[in-house]
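Please assemble the complex out of the two chains, which come individually in their own frames, going by the hints.
Chains Y and S, in that order, give the protein sequences.
So the first sequence is residues 57 to 446, counted in the working numbering.
So the second sequence is residues 7 to 252, counted in the working numbering.
Some hints here could point you the wrong way.
Stated by the list, open to error - Label pairs and their calculated CB-CB ranges:
id, chain 1, residue 1, chain 2, residue 2, range
1, S, Ser19, Y, Thr224, 23 to 29 Å
2, S, Ala182, Y, Thr224, 25 to 31 Å
3, S, Thr14, Y, Ile230, 37 to 43 Å
Derived by calculation from the structure, the hints in this document are not laboratory data.
C-beta: ideal position from N, C-alpha, C; glycine also.
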Amino acid sequence: MERSLFARQPSVLVFIGLLALFTIVITILSEGFGLGIVSTSFIKILGKTLCLCLIAIAMDLVWGYCGILSLGHFAFFGLGGYMIGMWLMYERTKDIVIASLSGGELPATPEEITEAIGTQIFGVVGGAEIPVVWYFADSLFAQLLLVVLVPGLLALVFGWLAFRSRVTGVYLSILTQAMTLALSLYLFQNDSGLRGNNGLSGLQNIPGLTEVSQSVVSAWFFLASALALGLGYLVAAWVVSGKFGNVIRAIRDDEARIRFMGYPVEAYKLVVFTLTAVIAAIAGALYYPQAGIINPAEIAPIASIYLAVWVAIGGRGRLYGAVIGAATVSLLSSWFTGGQAPSIPLGFYTIDWVDWWQVLLGLGFVLVTLFAPKGIGGLFDRLVRKDAAS
Amino acid sequence: MSALLEVTSISVSFDGFKAINNLSFEIGGQELRAIIGPNGAGKTTFMDIVTGKTRPDEGRVRFGEPQLDLLRLSESQIARAGVGRKFQRPTVFEAQSVRDNLTMALSNDRLPFAVLRYKPSKEDDGRVSALAEEIGLSGELDRTAGELSHGQKQWLEIGILLAQEPKLLLVDEPAAGMTLGEREHTTDLLRRAAETRAVVVVEHDMEFVRRLDCKVTVLHEGSVLAEGTLDHVTANSDVIDVYLGR
Numbered sequence: 057m058e059r060s061l062f063a064r065q066p067s068v069l070v071f072i073g074l075l076a077l078f079t080i081v082i083t084i085l086s087e088g089f090g091l092g093i094v095s096t097s098f099i100k101i102l103g104k105t106l107c108l109c110l111i112a113i114a115m116d117l118v119w120g121y122c123g124i125l126s127l128g129h130f131a132f133f134g135l136g137g138y139m140i141g142m143w144l145m146y147e148r149t150k151d152i153v154i155a156s157l158s159g160g161e162l163p164a165t166p167e168e169i170t171e172a173i174g175t176q177i178f179g180v181v182g183g184a185e186i187p188v189v190w191y192f193a194d195s196l197f198a199q200l201l202l203v204v205l206v207p208g209l210l211a212l213v214f215g216w217l218a219f220r221s222r223v224t225g226v227y228l229s230i231l232t233q234a235m236t237l238a239l240s241l242y243l244f245q246n247d248s249g250l251r252g253n254n255g256l257s258g259l260q261n262i263p264g265l266t267e268v269s270q271s272v273v274s275a276w277f278f279l280a281s282a283l284a285l286g287l288g289y290l291v292a293a294w295v296v297s298g299k300f301g302n303v304i305r306a307i308r309d310d311e312a313r314i315r316f317m318g319y320p321v322e323a324y325k326l327v328v329f330t331l332t333a334v335i336a337a338i339a340g341a342l343y344y345p346q347a348g349i350i351n352p353a354e355i356a357p358i359a360s361i362y363l364a365v366w367v368a369i370g371g372r373g374r375l376y377g378a379v380i381g382a383a384t385v386s387l388l389s390s391w392f393t394g395g396q397a398p399s400i401p402l403g404f405y406t407i408d409w410v411d412w413w414q415v416l417l418g419l420g421f422v423l424v425t426l427f428a429p430k431g432i433g434g435l436f437d438r439l440v441r442k443d444a445a446s
Numbered sequence: 007m008s009a010l011l012e013v014t015s016i017s018v019s020f021d022g023f024k025a026i027n028n029l030s031f032e033i034g035g036q037e038l039r040a041i042i043g044p045n046g047a048g049k050t051t052f053m054d055i056v057t058g059k060t061r062p063d064e065g066r067v068r069f070g071e072p073q074l075d076l077l078r079l080s081e082s083q084i085a086r087a088g089v090g091r092k093f094q095r096p097t098v099f100e101a102q103s104v105r106d107n108l109t110m111a112l113s114n115d116r117l118p119f120a121v122l123r124y125k126p127s128k129e130d131d132g133r134v135s136a137l138a139e140e141i142g143l144s145g146e147l148d149r150t151a152g153e154l155s156h157g158q159k160q161w162l163e164i165g166i167l168l169a170q171e172p173k174l175l176l177v178d179e180p181a182a183g184m185t186l187g188e189r190e191h192t193t194d195l196l197r198r199a200a201e202t203r204a205v206v207v208v209e210h211d212m213e214f215v216r217r218l219d220c221k222v223t224v225l226h227e228g229s230v231l232a233e234g235t236l237d238h239v240t241a242n243s244d245v246i247d248v249y250l251g252r
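With the rest of the complex left out, here is chain S (with noise of 0.2 Å):
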């Protein structure tokens, strides 16, 4: 089985700073995978070279099947071949309610006039709910999106994501400044994800990952320097290196 995203020895730098060194990554389709690093490791890098955000010095990006090469595609172009990310901090749009930003996000034509001429329908509307009950947000589909907690603009987040239907999932820790039922709640909600599309979570926090229960690749220094469940690159010694210091 060909993979779904194919990261080939790509590097950048900026102003002579090497943020991403000969980096290569690949996941499949229906796979959960936590990348983890020390800070300035290259992981936000890494989702701004797959979303189209930043370009690469040199490499290749490839995704899907038939494979389409994402370093030739525009941002908005990426999105809608089917990459999803979700940002560090929850951006939502606050100022329109929960409804409004799950129906722009659902997979429909996003050309200007086809959305000019958009008419919510009865699946539309179907759609919706289904995904407000996945992400727990059913009570709350008419508020301002403002209105909510933190937690649960994270969830919003999540649904907008999942309302696209991507195959590629790219999540920026999801579960900072969350309580431990939230946690919880937002690790089910990756892993069921996860079982229909490839799902990639970059995290600070060991104890979430362990949670997540998957593959496990560990950044430093913009290169890959262990990859393999969490207990064994936990047991690597460079990585307790690079996480204790030497």
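The following block holds chain Y by itself, in its conformation from the complex (with noise of 0.2 Å):
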């Protein structure tokens, strides 16, 4: 009876073939690699709509297969992102305040370096101490590793206290709202050792690559993001598929029901939120350098609600649903945000898309709630039945 994952879910090689489709193309078209025809501004626009995918399929796995509702996976996603923005900022602040030292008649010693960049780095919210938090931030590799740890262990000790206590529901979406707006409080004061309301900025500029150009940079991160979420899903369809996701489903449809044939609920619970904090965290890390900049307002509780409107709105339980949410919803903001929508002069108003743009976004989520329960993804599914009907 065994089968292989592919044949238990055709859709997963459709996706990874689309996947795999679409970055080839984009990559051609890339003007870091190929035609010029795609901007490099649009590709990290794209780079960052396939870390979103990502992180969206890390919500699938908690809310639409587990049931957990978590209104704080971008809390995870934010800190992935200060974990790789730190050694980023501090790498290419050392090499500066090295290039700048080294016209002195005297050798820089590592003190007055190690000044200099604490100068550089705090001197906006009125510090030169480089804190402890910073410790690791020489080392890419310890920085890469507490991408995944730093959140990780956060999820592991705030799902354990939540879950052993039996908070389910809308109290739990409650609890980790709070848990997002505490941590973006505590990172907007400036003494938290992360700048404060400042935040990490020059994320897009990469140590020791200062000689390649932005459009070969952007590619390259492009290409990781869509690595990254064919990994991802990869992952997220090998859990779901099996056992596992049997479980979990459970969990999801009656708690109560698979506790008492002896699954452990809370120690389910506790893999499923840890697993997806730790790819909520990796896509985080993938997105900021390629915004540039990342600050606590990146952290906003706001945020992680939008996370689950776009799911509720590709669909959740299917995980090319989460995709198709994010995709969509995220790219549709930022041609709306950005300006380019074409405002609609109506004489007596002006519909001006940068603030209708929201009105936009609830209209779509309550008609996809009434009339598409299941999503765009749910579509999907009905066009394919009525293809195996007739």
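What follows is the structure in structure tokens.
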């Protein structure tokens, strides 16, 4: 009875194929590697969108499959961004500092270099000391490890406390919102050690690769994001396709029943919550170097709510639904709020999409909930079934 | 022979209402027992206590050999120790196939990482087929459980319980909403199950209890009112008072 992942879930193969095709076409059209038809700024938007699709898969896993409506996964996304951002900013500042000090008669001592880096990075929040949390910032390997460890441990401890106390449903959602809000408010403080509301910036410049143009760097990040999305999709599909997937769906549908069957529900929730937090963190670590800047506003509670809206619009409980939702809504969002959408003059009033996009999104959400409760992915299913029936 | 389940003078009250009052109960390893009693007699609360959903204010609950103190275990640990429970309302996982429902219930390792690596074996497939045969759902293995009839869902749930290979089976009103034919099938299932394990059936329906033909425990206001054969307890004047009103 053993069948491969692709036999059980043919949509996985379709998805990976489409993603590969899309990635190749865009790379060929990019400025960095190919014909230069797709601009570098658009490559960045596409790369960021792929990262958002990846966190949407994490959200679908934790909410659509396991029934935990977490409204805090953007906190893990943001933390992943901060962790890689620390290395990017530290190393680049170090390069600049060494270059500027090299003009002196005596070679600069390590203390002088460290002090200059501290002044450069933390002058803006009135400090010169490098905070302890930056202890590993000099090592790419350590910071990459922290991308996974910090959000992973936060999710593990938070989840352990929350699930152990049998906090479920809307109460758990509120708790996750409280967690994001607390984290965001903490990061807003100047003495949090992460530059307060200034956040980390200049992240698009990769240390050691200053000679390489942004068009090439962005194309590499686009490829890396596509690879991460593909791998994330495979991992998620593998997790949900077997018996583990059946158990977490059972937890979603009737938690008490599966508990009386002998399954330790809390342990399953903790595994899924932590795994998805790590996926979210990896997505964030790829997103922010493309965005160039990260600040505490990114972790605001509303971001995590948007994430749930994407997954609901795309159709939860099916992985490609999450991807469709995240891609559609975030691309539309950047089109409307980027000032590219033409305003509509009505004479007495002008509809300016930067403001009205929110209304449109809200309406879209209401319409999807009313008329396509299974989301855009659900409409997909209906088409496929019609095909099979005829 | 010592009893499989020993419940000794348990009491529990909710907001001052004594749902269970100094109740003691014993059942042997291969025994079928019916628990009857009017509404509010504490039948469901009794099951909640044995399965770990409710903690009693006082008393002891001992189970198995060597004896386990069930009051110290969580619901899932109690289930893994060998106590299976069927709820009043049939609760199967409607979005999943009959096969998936049964496979999840098989008595394999239930910890997350073991389940993540789980691969269906020939042996497990065989067990699922045998179970399906026993509960009369062989033809429905690949159907979604939500499409089954009410009676079929009840059987599937009994199948889920048998798959767990419990030492003790607690069954809450299995015959509710069943047709006559379905009731007979259910009676057979339960009596066969009791040949190798202890089965406790909570039931309102006297006719169904008569069909089970087993020892009966009558509960009233949270304690045991009478115990014995059905004819014995129905001849008891206290039982007549409780059931027919004073």
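Hints, verified against the model:
Taking 23 to 29 Å as the suggested C-beta distance range, the pair serine 19 of chain S and threonine 224 of chain Y conforms, at roughly 26 Å. Taking 25 to 31 Å as the suggested C-beta distance range, the pair alanine 182 of chain S and threonine 224 of chain Y conforms, at roughly 28 Å. With their beta carbons about 42 Å apart, threonine 14 of chain S and isoleucine 230 of chain Y fall inside the hinted range of 37 to 43 Å.
Checked against the numbered hints above, the structure breaks none of them.
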